[in-house]
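Novice: Chain by chain, the residues:
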Amino acid sequence: MLASILASGLAAGAIYALVGVTYNTMFSTSRVMSFTAGQLAMLGGVLGSMFTLKMGMPIIVGFVLTLAACAIVGVITEFVAVRPVLKSLDQHLYVLSTLALALMIQQIAAIKWGTEPQPFPRVIGLGSGVWEEKFWLPVIACAVTIVALEYLYRRTLVGRAFVAIAEDNFAARALGLPERNLRVASYALAGVIGGIAGFSGGQLLLAFFANGALLNFYGFVPVALGGLGNNRGAIFGGLALGLFQQAANFLVGGIFSSVAVFTLFIVVLLAAPQGLFGGSSARRV
Amino acid sequence: MTAVTATSAQGESGAWRTALPHIAPFLGILALALLLPFVSNDYWALIGTRMAIYWVLVAGLNLVVGFAGHLAIGYVALLTLGAYTTSVLVAGNVTPALPVFLALPIAGCVGALFGVIVGLPALRLRTFYFAMSTLGFATIVTQIALAWQSVTGGGIGIAGPEFPAPFDTPWGFYALCVAFAVVATWMSANVARSRFGRALIAVRDAEVAAEATGISKPRMLIAIFLFAGALAAIAGGLFATLQTYITPDAFTFDLSVLFFIAILIGGRGSILGPMLGTIILTILPEIAAPLAAWSTFLYAVLLLVIVLVMPGGIAALLDFRNRRPLASNRAIVPRPAVLADIVRRRTGGKHLELRGIALSFGNVKAIDGLDLDVTPGQIHGLIGPNGSGKTTTLNVISGYYAAKAGAMTLGEDVLPPGQPALRAACGIARTFQTPRVIGEASVLENVMIGGSVEGRATFVEAMLSAPRNREDERMLAAKARALLGVVGLETLAEVRADRLQHSELRFIEIARALMLDPDFLLLDEPAAGLSNDEIERLASLIKAISARGTGVLLVEHHADLIFDICHQVTVLNLGRTLAAGTPAEIRVHKEVVSAYLGG
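As they're listed, the protein sequences go chains A and B. Position one of the first sequence corresponds to residue 1 (the numbering used here), numbered consecutively onward. Position one of the second sequence corresponds to residue 1 (the numbering used here), numbered consecutively onward.
It is worth saying that the hints were derived from the structure and are not from the lab. The C-beta atom is built at its ideal place from N, Cα and C for all residues, glycine as well. You may find that some hints are simply not true.
Unchecked claim - Covered stretches of chain A (in silico footprint by chain B; criterion: 3 or more residues with CB under 8 Å from a CB of chain B, positions within the stretch not fixed):
(1) 79-89
(2) 92-101
(3) 117-130
(4) 201-209
Claimed, not checked - Cross-link-like lysine to aspartate or glutamate pairs, in silico, DMTMM-like; alpha carbons within 20 Å at most:
(5) B/Lys350 <-> B/Asp254
(6) B/Lys543 <-> B/Glu525
(7) A/Lys112 <-> B/Asp254
(8) B/Lys217 <-> A/Asp90
(9) A/Lys87 <-> B/Asp498
(10) B/Lys217 <-> B/Glu454
(11) B/Lys543 <-> B/Asp564
(12) B/Lys404 <-> B/Asp368
(13) B/Lys404 <-> B/Glu353
So that you can see chain A by itself, here it is in the shape it has in the complex (with noise of 0.2 Å):
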């Protein structure tokens, strides 16, 4: 049983950081949390079946163009939820404007590919048991996605460029970066990011178009665990929250993992309202 628990609490937990990351993607540019992290997400489970299963494509193809496909989504987020209440951050208006932009991706996906959950691809094949693809792919995927992270973040220019406006917009901009289209690729990027958690965990989840509002908010849990921005923090948390809601399935059965996952996230909220990881609060007066 402890093996069943670690393996799909960690492949859970794996979906969860990764879209926890796509959070905080976006938030980093923009200061804004999009209800559309875990649409990409959904959006990534559903276009993979679609284009592997429907259309009969090779996997790798069918991958690149779901990824595709969610930087795009991603961009219309910028341009059409973000960029127009950016000006009045302190309203809150971008709550409701990607809000109801996730709304219409959700509406949108089950009326054209259907409400009911449908099945998703094996990818390489390998393994059973609880060593089965459908565990271990979402935890190989989370740590690639790191690495690749890294990478992008600590060696490349535009990498620089993205922590250096997620550090202080306002000097980056004095500094001359080009902050709206580091904006809108931050965007392309979260897309990327999102519809990779949405490929790699579609075996377990499968191709459903109610995914979204699930991994919207056990993507978000991680981060407010984490704290805002925070990606280490979003790994760490995923993954604690993919195995403590595992172990409460296994242990006391699935009705009450969902109320422990919620109890962890209110009393976590109050307790750390920054998060285990975050930093402290701006001022006020």
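Given the coordinates of chain A, assemble chain B onto it according to the supplied hints.
Specialist: Here is chain B on its own, set in the frame of chain A:
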């Protein structure tokens, strides 16, 4: 005695006359609702009932979303909770079967409890967290309803409660739901128009200023979460009856979206707007039947359009009064003499003393061992270069910062560090360097906010519009009007505050601070941005305020104003006292002249 009765009766009829334009649209909608049975069939009874039930929920949710500004996007969860609680209690598969009129209030209590639990993150955190916690709650409630088969029937479902005669026919049940809707409207309107409703908007739009007037955000929010949760759960019980049989599928997230968007279409801080929004959104899919599958998509498009194009919603469209142009040549003419009739004179009174106060931000010593005495009835000037710690001193006194060292005493009592919301009760009021007023509220309401701690009615009394609440309202409105007269803005009382000029906002802040009858008034650069005439009027106003026994602490850069009206002056430099004394002494103080005044 007769005279008193006569005036109060007159006041009542006057109140009715001013309230009538506000009430008339609601009476119109009610009249239409009552006409419905005579002009239509059972199908419309169903739609009308659904509308009324939705409104019961939205009426409560409106206070959370529209007034307090917290984006609760998953309220369908509380509807679900109420529906299942009522159905299970009536069906009796856990407890002995209960009559539905007992089950419904119990469901209300359960809903109120969960309304608070879901709302807890909102007490401390930013908007997005609350949106998420309601979304998360909505997700798990459906999962529980599906999985807990022994109680909820799982995917098979459970029969909704049946109401006894005469409510067991479509129109009978319709009448019951309309009655619930009327009561819900009445209660939420009472809350909205009481000091609690104003405080909610204050916390939403000017949280820092709200704290300075003594409004406790957690208490306010918990009260409305209880209220909204109870209404949502009761709506759920009625909804279960309307459905006759409930499964988790009946409570899709689409419903949440409908409730939420109805409020946003209606407009923030309005009750009529969301009511119209609910009616429109309920009817819309019925009229456009082929579009039913796309209804959520349409709601979402509507939401996006509203956010981007028309943030004010229907309420802003209906707000004709605030489209009339204001006179452009208006002047602020305070009448300080009137102050004597409003603010009670204080004698003796307590001193406000700061001893050895120190505070640093990181390695920067903002204040470094400051001593300061503010005497009742005197004006104490606090001057110094930028960054010398003047505003920080005010923030320490009013509790936004807790000093790292030193003591503050008010008379015999120690003034606890931090806790800005408790300062109003100690008789300390303040204004802000950039005026913090509620743009969407009227000038009068903005000033009334200042008297929030003086209200005696409880939340329940306000909800039921008990006599004590009406007395509070009359007292606060009369005092606010009188104070607007004192600062010279009474002609603008009904205007939305965001239409005013900067200098007028400064005087509104002073009027708001005076609502407290403060023992001590802290003014943070009140003359900044004022014309010379206005500064003169401000000077006479401040003098009149201190003459009533209030101790004034005045932070200012206009040296003329300081030397003109202050009894005592303290000069700060780099967080330390550079000099202290009478204006005459300071004016010739060598270091002050070289460090600050120049010359």
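Novice: Checking each numbered hint in turn, tell me which of them this model violates, lowest number first.
Specialist: 3, 4, 5
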